[in-house]
Amino acid sequence: MAEKWTKHKFNSKLVNPANKRKYDVIVVGTGLAGASAAASLAELGYNVKAFTFHDSPRRAHSIAAQGGINAAKNYQNDGDSIFRLFYDTIKGGDYRAREANVYRLAEVSVKIIDQCVAQGVPFAREYGGLLANRSFGGAQVSRTFYARGQTGQQLLLGAYSALSRQVATGKVRLYPRTEMMDVVMIDGHARGIVTRNLITGAVETHAAHAVLLCTGGYGNVFFLSTNAMGCNVTAAWRAHKRGAYFANPCFTQIHPTCIPVSGDHQSKLTLMSESLRNDGRVWVPATKENAEKLRKGQIKVSDLKEEDRDYFLERKYPSFGNLVPRDVASRNAKYVCDEGRGVNETGEAVFLDFRDAIKRDGKQVIEQKYGNLFDMYKQITGEDPYEVPMMIYPAVHYTMGGLWVDYNLMTTIPGLYSLGEANFSDHGANRLGASALMQGLADGYFVVPYTIGDYLAQTPPKKVDESHPEFAKVAQEVKARINRLLTINGKKTVDHFHKKLGKIMWNHCGMARTAEGLKQAKAEIQELRKEFWADVKVLGTNEELNLSLEKAHRVADFLELGELMVDDALNRDESCGGHFREEYQTPEGEALRDDENFAYVAAWKYMGEGQAEELNKEPLVFENVKLTQRSYK
Amino acid sequence: MKLTLKIWRQKNSSDKGGFATYPVDHVSKDMSFLEMLDVLNEELTEKGEDPVHFDHDCREGICGMCSLYINGKPHGPLQTTTCQLHMRSFNDGETITIEPWRAKAFPVVKDLVVDREAFDRIIQAGGYVNVNTGGVPDANEIPVAKTIADLAMDAAQCIGCGACVAACKNASAMLFTSAKVSQLALLPQGQVERKTRAEKMVAQMDAEGFGACTNTGACEAECPKGISITNIARMNREYFSAVMSSDNV
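Sequence lines, in order, name chains A and B.
Sequential numbering of the first sequence, starting at 874, is according to our numbering.
Sequential numbering of the second sequence, starting at 24, is according to our numbering.
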């Protein structure tokens, strides 16, 4: 395993430097994965076209990642190594990821930090001038590099700067405010895309020798999530309908530290970085009675003495304490709230308390570490976390599932690649904190630039021509779909459907799932989808900036994806990581895996409108780790 | 809360545009400003009227996509992004005027949406370190003093929203440009191209039609990320020392 990537790189075919300029590559999405891939491929000499639906690549939602990025540098001399990062990630993912992929991720992690520093990313430093680290959930070493609470922003701006540099050289052509609507296939290979210019509505075709989808995750299927408003599954879903398998769609991550829901008008949930759990202690009142009094405002937090507080994570998991992985922390917050011990008016929140940390380190130290997060919390809730404990509740945050890819990051469609959150590859059933940034940049900077050569070297460099009839045909299909949405003239807004879908998904396919609930959800989604296509109201025309048309496309795809997620959750008769089926748990309420029957990747194949999707199983073979019941006690 | 909204409506870049007035009720103090506009848009859509178009995405104050000139101030009364502005900052019965960013270099696309690609072109002119992927030294090879790294980070926090331009009577992009120039001028990694970077980025900024800086400090006062105008001073120094000693631009 340790030599696999080195050997694989050597065995991959190369495109000689003079020939690289004969190949065109399309990159859809300009977040960490897309921007880093587009820049690196252009540096190698390929002609790149990069697409984003934002006005600028710098807006991609990678920018919102707060806490940090993992790398096995072992700068802290605390026993970290590539193998340990690999091991933590495999275990954290509850043994549902591919060993070789995860090992490669850990291996290239060290190069990412070097690269970012060279670009001028201002990581946090110690007084001696060397890089600082902090620890993160699911790990017992300090291997997380960070730039205050804005690590994603700084890494994205680094990748954006590398991309901008290539735009300036002319090797990358940038298409802002342009959304991918479909993939074009010629002779079974991906050879281009159809896009819609979001300002003029023009439906355009773009040809290339390979297409990279770096289009992020699909957490917005739940309506409320920590994703940006624009995040969507459309690019991946269009590819899926053209033949790319969709893997483990039910693996979604619920992040434990988000600001609780405050009302029906809510449009999104805001994440508070997991790094807060380094110093914040999670607790609820020890008794139901006190929790109720607190909710009604009859007592104050300060009235509760030490013995009245239940630091439930520290109590149940003494060795990891507040730093247990995300799925464990979320599930336990749900348990105590289900017991009636939740706080906040809704009863759906737990405390994250900095009282002891402030007493220990002083307010100044805490302010330096988390100042911007505390400010953000105060801005949103109107409460000052230096004075009263924060209130948090789990929310949908990340999707481990995505397009199935092989070791080369190629989907089941030859020539079509998927990078970053859009693919399924590295996090198994649960992602560890500070690993998303690592994976996005690993895929873009250090994996695809090698693996794409192997495919292109076997592809004739002859120009792919947009005059091929397949381009006109797909463009026509896209136009027909736009027209269909604009002419339904129903009564209900797009958001109405999106909110309803979100409720179904959260109630039945969220933090805890049951076979019965999932079956009910399936029926409800089918019904809702029918209603959408009969009664949705999309105003305006195609030939203008039209937000409700944009959103209608995305919600239509979510309505299909939602059903596949439910199918996948129903098929997986076990609990693992973020997928928790209530029927399968240990007596202590931990996820109970079934390695004998479910140690596989579920890769779903689209079989046509209204047909059940076909399940393909990729067995997961573990040769370097022993499968154990995940324990953080 | 009940409010009256005066909103700039403009069908497209060639339309003349004008204000339209909308009453909104059922506004809660806990709503963010954009959620209040979401509610208005749902109502307009139900009535069959074109919803108000505005840019927004992360709603966490970091993507820089949201804008809006609210009651004569970029991002409204608080020093934050519009998505992080909550209705508790307004009073019941108030009339709120909402306009797009006004600057020649930021043409209106539709309603409250403007084109900020000029910012991208300024970065493309030199807002980077010329290193390819791979072949770089170990991250700890070059120590950087914590004070310097912190100053660079202060500058690097810019989210590219354009509030500085909108706030400035000259529609100057000095704060935006200087934030990037400063970040890279402070760090050892940016030293090699320090001069050409300052020259090229300033030249692009001028070419885009942004105005000059007359030191009113409005940009700093309105910047949601608190980027300091010391960066402008640093950029001036970088720029003048560059033009004195190079023959680039």
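FYI, nobody ran anything at the bench for these hints, they're computed from the structure.
Where is the CB? At the ideal position from N, CA and C, for every residue including glycine.
Just to be clear, a hint being listed does not mean it is correct.
Straight line, CA to CA, 20 angstroms or less: simulated EDC-like cross-link-like pairs of lysine to aspartate or glutamate [as the list claims (entries may be wrong)]: (1) A:1364 to B:73; (2) A:1178 to A:1226; (3) B:39 to A:1226; (4) A:1044 to B:115.
Computed list of chain B residues with no C-beta within reach of chain A, every gap over 12 angstroms [unchecked claim]: (5) 111; (6) 119; (7) 170; (8) 182.
Please list, smallest to largest, the hint numbers that this structure does not respect. Structure breaks hints 3, 4, 5, 7, 8.
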